[in-house]
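In order, the protein sequences belong to chains A and B. With this note's numbering, the residue at position 125 of the first sequence is 167, and numbering never jumps. With this note's numbering, the residue at position 333 of the second sequence is 682, and numbering never jumps.
Please note that a few of the clues may not be correct.
[Unchecked claim] PhoX-like mimics (lysine-lysine), calculated; alpha carbons at most 20 Å apart, straight line:
| # | chain 1 | residue 1 | chain 2 | residue 2 |
| --- | --- | --- | --- | --- |
| 1 | B | K395 | B | K550 |
| 2 | B | K656 | A | K289 |
| 3 | B | K656 | B | K582 |
| 4 | B | K692 | A | K289 |
| 5 | B | K415 | B | K615 |
| 6 | B | K692 | B | K547 |
| 7 | B | K550 | B | K415 |
| 8 | B | K550 | A | K289 |
| 9 | B | K613 | B | K415 |
Source of the hints: derived by calculation from the structure; they are not laboratory data. These numbers were taken from a predicted model, which means no experiment stands behind them.
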Amino acid sequence: MTDPARLSPRARHTALAPALLAIGVFLVLPLLLVPVASFMEANPWGGVRPAFSVDAYIQVLFEEDFTGELVFNDAYPRIVLRSILLAAVTTLLCLLAGFPVAYVIAMQPKARQGILLLLVTVPFWTNLLIRTYSWIMILRDEGLINNSLEAVGIIDTPLRLLYTNGAIAIGLVYTFLPFMVLPIYAAIERIDRSLIEAAHDLYANRRAMLRRVVLPLAKPGIAAGAVLVFVPALGSFVAPALLGGGKHLMIGSLVQAQFGASRNWPFGAAISLILLAAVLAVLLWQARRQSRGEGLQL
Amino acid sequence: MRNLLRMAGMAAPIALAASAASAEGVLNFANWAEYTSPELIEKFEKETGIKVVLDTYDSSETLLAKLQAGGADYDVVVPGNNFVAGMISEGLIQNVDVRSLPGFANLEGRWQSPPWDPTNEYSIPWLWGTTGFTVDTSTYGGDIHTYEVLFNPPPELQGEIGMFNSADEVVKMVHAYLGNDLCTEDPAHFQAAFDVLKAQKQHVKMYQSEGLRERMLSGEVKAHSNWNGSSLKLRAQDAKFAYAYPKEGVLTWMDVMVVPSGAKNKDNALKFLAFMLQPENVAIQSNFARYSNAVAGSDAYMAAELKTAPEIVAPSDRTFIFVPACSEKSIKLQDQVWTRLLK
């Protein structure tokens with residue numbers, strides 16, 4: 043391993059300054075407004091009133107019943123858990139689908155790798171809304187799959203594909219797959235080929251070689267891919283709304299509603315913070331695994 | 350969100366090259382997406398020499414947020430009638446004394462002094478319509494003019510229903526069904542509304558406002574909550590689609606033109622409002638969007654099929670309920686119903 047170009051501390055600071063400034067002004071400062079807003083009172087026509095209130099946090103777990111009593115309300119915890127579960131399933135499916143792809147690409151001659159990687163990014167050339175909408179055309183009762191199956195006589199009545207959890211998962215996996223493939227590819231591509239040869243020399247079959255050499259060395263890539271997929275999937279709301287039929291709320295649509303029709307900014311801010319905390323927890327967990335030596339740098 | 354096209358339209362504001370050099374200046378106009386007749390804008394520009402710069406939004410809430418954020422620089426915007434009170438109380442729109450506009454007397458009597466602007470100071474009607482539902486009559490041939498068909502559907506429609514994904518529109522529809530005040534603050538009314546929606550949910554295929562016409566046309570659902578103009582567009586493509594005017598009461602809305610506080614081109618804004626009070630002009634807009642307007646005499650310029658369309662010409666014995674602006678408490682309870690329904 044060669045050391046990355048050594049910079050003097052001063053040059054390093056200068057190089058980092060623009061990025062730090064942008065992050066400070068456009069990310070950290072606005073982000074600080076979120077907790078501030080969450081501790082204020084809602085203004086009936088949107089925005090917040092400058093008065094301290096913890097109503098938003100009480101609302102996460104308790105509601106005034108239709109009879110006026112404060113009771114435990116499982117609605118929001120359920121929505122949060124559902125979102126986490128969906129993001130986890132998406133991450134798992136992306137890993138199962140993405141690892142072989144990344145492996146195969148990494149094993150190709152250099153020239154072909156470039157082309158294959160370019161192909162992986164092709165879906166990003168189209169707007170997310172259009173990509174998701176296309177899945178409706180494919181999955182609906184009169185869609186591509188059902189019509190084809192009916193045409194060849196395999197089914198008589200259309201299969202229920204759209205407006206299911208499966209449809210949401212398909213949409214999310216389709217959207218986020220490249221985020222899994224690319225970091226895993228980068229990790230595998232870096233593996234010293236002589237290690238693989240050594241494994242074969244020591245009578246490892248392909249499976250043992252994959253499990254005991256490639257997989258451990260690809261771990262940092264897998265970890266990075268998992269984070270890159272899990273985090274945005276957690277807050278996604280296009281796929282659940284369009285492909286799931288909106289029959290169950292997700293954390294993303296919940297937040298959006300608070301700043302829209304519900305006009306409850308403090309609550310929207312509180313929910314956002316909870317989302318942020320969930321993401322942070324995942325990242326910290328991952329960072330700790332790394333420091334214990336189970337993974338390497340992202 | 351009236352439909353997806355409007356959403357897509359947002360991405361590409363038809364900002365007609367704001368060459369502010371024009372002597373008469375510009376009019377910065379913001380309206381719902383896919384809701385402004387290009388022909389209308391062309392005519393206004395030709396007659397006045399004022400350049401119109403059009404921007405779009407997907408809901409009154411979005412517009413409210415834009416105005417609150419400031420810096421949007423609009424001269425005329427078109428919120429729903431139930432947002433006028435809030436925009437006044439937040440100081441977002443200005444008193445422009447619309448009753449003194451030339452042509453104000455052209456407004457039909459029933460639209461002068463409306464409840465949201467009783468002294469005619471802030472708003473001029475754009476278009477109005479109703480919120481009901483559309484039924485595929487080749488699937489269900491019975492009487493559709495009752496909310497029963499939607500909330501307690503006959504076997505043919507069970508599992509074939511699409512609903513808006515908007516707490517505001519759906520819960521208020523249930524209030525109308527049950528005969529309760531649309532802005533009720535009585536928890537018992539919300540419990541009743543929740544029970545209705547909970548029982549209906551097993552028959553609902555999706556809660557989604559965007560793309561509802563595509564869903565009806567492709568046969569994905571056989572009944573869908575809808576607006577009358579949108580239903581008219583459906584029937585134009587297939588005669589089997591009928592619009593229901595529920596006998597329990599028809600939810601009615603009006604989009605109105607208002608002038609934001611601090612509008613830079615207030616004079617041009619007033620010219621535009623006056624322009625829209627002329628029957629031949631507002632008719633162009635009605636023909637485009639397929640909704641009624643509020644100007645007497647515009648019939649003469651309306652497309653023939655609009656004059657007789659059952660979606661536009663409602664049965665005479667119906668009660669129209671204007672959707673008002675509700676209290677914070679009412680909105681909160683409404684929200685609670687929705688979260689419980691979709692938790």
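Exercise. Are the Cα positions of K656/B and K289/A separated by 20 Å at most?
Worked result: 38 Å, violated
Exercise. Can the restraint linking K550/B and K415/B be considered satisfied, given a maximum Cα separation of 20 Å?
Worked result: 34 Å, violated
Problem set entry | Hint consistency between K613/B and K415/B [alpha-carbon to alpha-carbon, up to 20 Å] | At roughly 16 Å apart (the allowed maximum being 20 Å), K415/B and K613/B satisfy the hint.
Problem set entry | K550/B paired with K289/A [C-alpha distance capped at 20 Å] | Holds. K550/B to K289/A sits at ~8 Å (cutoff 20 Å).
Exercise. K415/B and K615/B: Cα distance at most 20 Å?
Worked result: Holds - the C-alpha atoms of K615/B and K415/B are around 19 Å apart, at most 20 Å.
For this session: Sort out whether K550/B lies within 20 Å of K395/B, counting only the CA atoms.
Result: Given that 20 Å is the threshold and the Cα spacing comes to 51 Å, the pair is violated.
Exercise. Keeping to a limit of 20 Å between CA atoms, is the pair of K692/B and K547/B held or broken?
Worked result: Measuring from Cα to Cα gives roughly 11 Å; hence the hint holds.
Problem set entry | Given hint K289/A paired with K692/B - CA-CA distance at most 20 Å | 9 Å, holds
Problem set entry | Satisfaction of hint between K582/B and K656/B, Cα-Cα up to 20 Å | Judged against 20 Å, a Cα distance of about 14 Å means the pair holds.
Of the hints listed earlier, those the structure fails to meet are numbers 1, 2, 7, in rising order.
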